[in-house]
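Student: Each chain, letter by letter, is given below.
There are 2 protein chains.
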Amino acid sequence: MTAPAPDFYDPAAFMEALVAAGLVIPTPVQGGWGRGPVFEDLLQRFDAHVMREAADDGATELTFPPIIARTMIESLGYLDNFPQLVGSIHSFFGKEAQARELSQRVHDGQRWEDLLDITESMLLPAACYPVYPVFSGLLPEGGRLVTVKNWCYRHEPSAEPTRLQSFRMREFIRVGRPDEVEAWRDAWLHRGLALLRGLGLPVESDVANDPFFGRAGKMMAVSQREQRLKFEIVVPVIAADRPTAICSFNWHQEHFSGKFGIRAAGGETAHTACLGFGLERVTLALLKHHGLDPAAWPADVRQALWP
Amino acid sequence: MTAPAPDFYDPAAFMEALVAAGLVIPTPVQGGWGRGPVFEDLLQRFDAHVMREAADDGATELTFPPIIARTMIESLGYLDNFPQLVGSIHSFFGKEAQARELSQRVHDGQRWEDLLDITESMLLPAACYPVYPVFSGLLPEGGRLVTVKNWCYRHEPSAEPTRLQSFRMREFIRVGRPDEVEAWRDAWLHRGLALLRGLGLPVESDVANDPFFGRAGKMMAVSQREQRLKFEIVVPVIAADRPTAICSFNWHQEHFSGKFGIRAAGGETAHTACLGFGLERVTLALLKHHGLDPAAWPADVRQALWP
Numbered sequence: 000m001t002a003p004a005p006d007f008y009d010p011a012a013f014m015e016a017l018v019a020a021g022l023v024i025p026t027p028v029q030g031g032w033g034r035g036p037v038f039e040d041l042l043q044r045f046d047a048h049v050m051r052e053a054a055d056d057g058a059t060e061l062t063f064p065p066i067i068a069r070t071m072i073e074s075l076g077y078l079d080n081f082p083q084l085v086g087s088i089h090s091f092f093g094k095e096a097q098a099r100e101l102s103q104r105v106h107d108g109q110r111w112e113d114l115l116d117i118t119e120s121m122l123l124p125a126a127c128y129p130v131y132p133v134f135s136g137l138l139p140e141g142g143r144l145v146t147v148k149n150w151c152y153r154h155e156p157s158a159e160p161t162r163l164q165s166f167r168m169r170e171f172i173r174v175g176r177p178d179e180v181e182a183w184r185d186a187w188l189h190r191g192l193a194l195l196r197g198l199g200l201p202v203e204s205d206v207a208n209d210p211f212f213g214r215a216g217k218m219m220a221v222s223q224r225e226q227r228l229k230f231e232i233v234v235p236v237i238a239a240d241r242p243t244a245i246c247s248f249n250w251h252q253e254h255f256s257g258k259f260g261i262r263a264a265g266g267e268t269a270h271t272a273c274l275g276f277g278l279e280r281v282t283l284a285l286l287k288h289h290g291l292d293p294a295a296w297p298a299d300v301r302q303a304l305w306p
Numbered sequence: 000m001t002a003p004a005p006d007f008y009d010p011a012a013f014m015e016a017l018v019a020a021g022l023v024i025p026t027p028v029q030g031g032w033g034r035g036p037v038f039e040d041l042l043q044r045f046d047a048h049v050m051r052e053a054a055d056d057g058a059t060e061l062t063f064p065p066i067i068a069r070t071m072i073e074s075l076g077y078l079d080n081f082p083q084l085v086g087s088i089h090s091f092f093g094k095e096a097q098a099r100e101l102s103q104r105v106h107d108g109q110r111w112e113d114l115l116d117i118t119e120s121m122l123l124p125a126a127c128y129p130v131y132p133v134f135s136g137l138l139p140e141g142g143r144l145v146t147v148k149n150w151c152y153r154h155e156p157s158a159e160p161t162r163l164q165s166f167r168m169r170e171f172i173r174v175g176r177p178d179e180v181e182a183w184r185d186a187w188l189h190r191g192l193a194l195l196r197g198l199g200l201p202v203e204s205d206v207a208n209d210p211f212f213g214r215a216g217k218m219m220a221v222s223q224r225e226q227r228l229k230f231e232i233v234v235p236v237i238a239a240d241r242p243t244a245i246c247s248f249n250w251h252q253e254h255f256s257g258k259f260g261i262r263a264a265g266g267e268t269a270h271t272a273c274l275g276f277g278l279e280r281v282t283l284a285l286l287k288h289h290g291l292d293p294a295a296w297p298a299d300v301r302q303a304l305w306p
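Going down the list, the sequences are from chains P and S.
Each residue of the first sequence is one higher than the one before, starting from 0 at the first, in numbering that gives the first Met the number 0.
Each residue of the second sequence is one higher than the one before, starting from 0 at the first, in numbering that gives the first Met the number 0.
Quick caveat, the hints were computed from the structure, so don't treat them as lab data.
Note that the structure is a prediction, hence the values are computed from the model and not measured.
It is possible that some hints are incorrect.
No copy is singled out in the list; a pair is fine if it fits within one copy or between any two copies.
Unchecked claim - Keeping only pairs whose Cα atoms sit at most 25 Å apart, straight-line, the calculated SDA-like set for lysine to any residue is:
(1) 94 <-> 7
(2) 258 <-> 27
(3) 94 <-> 116
(4) 94 <-> 111
(5) 94 <-> 117
(6) 94 <-> 47
(7) 94 <-> 222
(8) 94 <-> 57
(9) 94 <-> 301
(10) 258 <-> 242
(11) 94 <-> 141
(12) 94 <-> 113
(13) 258 <-> 111
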């Protein structure tokens with residue numbers, strides 16, 4: 000492989016190349032772009048590779064829509080911690096006269112959102128959220144393991160190609176006794192690193208924190224790091240010195256299990272943990288490190304993804 | 000097959016049976032339920048069956064997120080015609096003090112949505128919408144064909160299992176000369192009927208109309224029917240006398256091509272048409288007509304879906 004060009008990590012040049020190659024389809028929404036057939040094929044191949052690696056674990060696969068009950072988001076503290084990221088869904092509940100006014104304002108280029116009202120739903124911010132209520136009650140011996148692949152929404156518009164408002168995560172969610180859950184998280188951290196290194200990505204893992212809002216959030220972030228509750232696997236994609244997180248591991252302890260009354264087989268409150276691969280980000284990392292033409296990727300990477 | 004029970008078309012009993020069989024996972028949102036592994040496998044198998052049938056057409060597959068630019072929805076007249084179905088995405092843009100107030104109101108059980116503001120996006124109401132801008136300009140000889148499978152949102156909460164707020168559509172979008180587009184639509188109408196009858200579903204096709212809002216909408220619906228712009232393929236799923244649409248065909252004439260400057264190879268304004276399979280609805284129709292255990296489905300249906 001020839002040495003990377005000096006602008007190897009220029010995000011604007013990367014985006015331009017992705018669009019020129021038909022991998023990314025521009026839309027008017029920053030971080031809301033479309034995926035061309037080759038991009039989407041790579042994304043699905045990586046997901047299938049993860050699922051083959053995890054096949055013996057026997058995870059139950061559930062599928063949820065990209066919306067979630069407003070009451071869930073309220074009760075989980077998401078509006079306390081990440082208000083800047085939420086997507087609240089509003090619709091029109093009026094009669095004829097209000098509908099005419101709405102239509103008129105749209106045509107006049109005036110603002111019209113005060114004619115809407117909230118619905119019972121918000122956009123799903125994390126693929127695993129709808130899973131926890133499913134676990135309510137007493138778990139079987141050994142706990143449970145579920146996997147989901149869902150569209151997530153975060154309101155953080157950006158022209159930077161790895162920063163999406165709407166993206167897919169493949170997540171695994173483990174629930175059980177605290178020691179079972181922590182051991183599972185530790186084992187997957189090693190497995191995730193090996194899986195991504197096997198695809199030729201120069202990944203590293205590190206303690207991390209969620210993007211909590213504001214001053215109080217800074218303390219939450221410090222506490223999360225001190226307790227080592229969140230790890231990320233990172234790889235340079237758009238900057239050599241600010242690597243991009245492509246996989247993250249969260250140990251929630253009793254955060255979800257307390258709220259939904261999830262008890263381990265012995266009766267004590269269970270722990271939960273999850274890990275998620277950012278499917279678009281992994282795809283972008285592969286394209287950045289192996290080039291925009293998958294036919295020319297290294298033989299071992301191709302063998303893993305085209306088995 | 001034994002005769003259907005007297006309550007064969009009781010929607011509440013159907014939903015209860017779907018949940019008991021683990022096919023549907025209840026959530027607090029009406030029409031926002033989760034899909035168990037068997038349901039999702041059937042849905043993906045039907046989609047793969049459609050794609051095999053259409054393989055020789057050489058459609059280009061594009062993938063878009065479940066959000067779309069607000070400006071697109073405004074300019075396409077969706078707020079004039081279907082305001083009652085929209086999902087407008089709102090988020091929080093405030094500073095510390097407003098965030099504290101938001102958090103306090105959430106904890107006090109008070110309404111908090113006036114602390115949000117609109118974003119640049121809305122939920123995607125139809126899988127084909129993001130495709131039309133991609134066609135802008137002069138088409139190649141013979142026009143173009145694209146396929147998408149996207150999550151759509153419609154705000155119509157209901158306990159009835161075929162009425163979903165968030166669901167997937169497999170769509171094909173054809174753009175070209177008016178005669179090419181109409182012939183393609185007619186051919187697919189026959190093909191869609193044959194494909195669904197081949198899966199043992201007692202389907203019929205009929206002229207249809209979209210659910211336009213209000214009194215003015217009634218006239219739009221009559222006009223759409225008179226011009227035979229919309230057809231549906233329907234099958235009884237939750238009522239014998241009110242069959243459910245599981246596939247629909249829309250001939251938009253110049254509605255999209257005029258807005259996005261799409262011209263046929265000869266230079267004249269192109270026409271567009273689309274057809275979409277409602278993937279959850281087809282899956283529910285198969286479960287209703289062949290029973291909740293796919294292992295016991297008729298041999299020819301299994302052969303088609305498990306090739």
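Student: Checked against the structure, which of the hints given earlier come out wrong?
Tutor: 1, 6, 8, 9, 10 and 11
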